Amino acid sequence: MGDMGSSIAKHLIESNFTVLTNLDNRSDKSKSNAKKSKSQIVSLENLILNSHFIISIIPPSEAQQTAKNVSFYSKKLSKPVIYIDANAISPQTTLAIEKHFYKNAEQSSIYIDGSIIGGPPNDNYKPNLYLSGKNLKKIEKIKSNAFNIINLGEDTKLASSLKMCYASWTKGSSALIISMLLLAEKSNVLFQLLDELKYSQKELITKITKSFPSISEKSYRWIGEMEEIASTYYENELNPGALDNAGSIYKLISGNKNKLAKFLNQIN
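For the sequence shown, this note's numbering gives the first residue as 58, with consecutive numbering after it.
Don't take every hint at face value.
Unchecked claim - Listed next, the in silico DSSO-like pairs over lysine-lysine satisfying Cα-Cα at most 30 Å (straight line):
hint	residue 1	residue 2
1	K136	K125
2	K194	K133
3	K183	K132
4	K183	K133
5	K264	K243
6	K95	K198
7	K243	K92
8	K200	K125
9	K86	K160
10	K243	K200
11	K183	K160
These are calculated hints, taken from the structure and not from any lab test.
Small disclaimer: the values here were computed from a predicted structure and weren't measured.
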């Protein structure tokens with residue numbers, strides 16, 4: 058479980074839901090997060106047999122295989138599932154997953170496209186969970202402290218489309234800022250650039266100091282997301298511009314706390 062998944066699990070549990078999670082092949086940190094949230098770690102078969110609905114919140118690169126695993130065991134166990142794919146994937150990826158899901162899952166299973174916009178929930182805030190697709194009535198009325206549910210309609214790909222548009226700005230702009238700083242460092246004008254930003258772009262400096270400390274830990278999840286965003290632009294006959302390179306920027310700084318810390322230290 059990542060920060061988003063564990064925070065959502067914690068607040069669902071506080072809202073009197075039971076949360077099961079399968080963490081096969083996941084990191085020790087994911088397992089630690091799950092335990093802190095008080096989620097029950099179970100096998101995928103157990104999860105499918107004992108869940109009213111399943112929310113997938115994982116890195117985009119794992120979305121298709123996870124949905125395939127769920128549909129396979131749904132059929133094997135003769136257990137229909139309601140599957141909400143809340144991953145940061147393109148509309149075309151969503152449609153491909155939906156097609157495979159309905160072909161292979163137990164009859165009466167339901168696939169729902171979802172997207173979470175905003176940060177992890179806390180005691181004073183909860184993000185929006187956008188849903189699209191048919192058969193949303195069982196889900197859209199769920200009340201919890203974990204998220205606000207917003208129904209976008211029956212067109213399956215709308216939730217993913219919205220996520221791709223929104224993240225184009227939030228994660229795309231962060232990648233562009235990192236690119237700018239890397240270029241300034243290579244060009245030996247980093248200090249001068251930061252001085253100018255402090256003078257003329259105070260809001261940008263605030264964004265850097267607020268968001269950069271956690272980016273290196275999360276950026277591995279954003280590599281695939283930026284690739285999904287770029288492909289969404291191409292699918293709609295638009296040039297993604299700098300977004301096409303954003304995945305490589307996040308790959309460059311993934312896990313590299315020292316690089317971003319260096320920039321932060323020079324700002325402060």
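Verification of the hints:
1. K136 x K125: 15 Å, holds
2. K194 x K133: 26 Å, holds
3. K183 x K132: 34 Å, violated
4. K183 x K133: Violated. K183 to K133 sits at ~36 Å, over the 30 Å cutoff.
5. K264 x K243: Holds, at about 22 Å.
6. K95 x K198: 24 Å, holds
7. K243 x K92: 43 Å, violated
8. K200 x K125: 28 Å, holds
9. K86 x K160: 34 Å, violated
10. K243 x K200: At roughly 50 Å apart (the allowed maximum being 30 Å), K200 and K243 break the hint.
11. K183 x K160: 34 Å, violated
In this structure, the earlier hints numbered 3, 4, 7, 9, 10 and 11 are contradicted, and the remaining ones agree with it.
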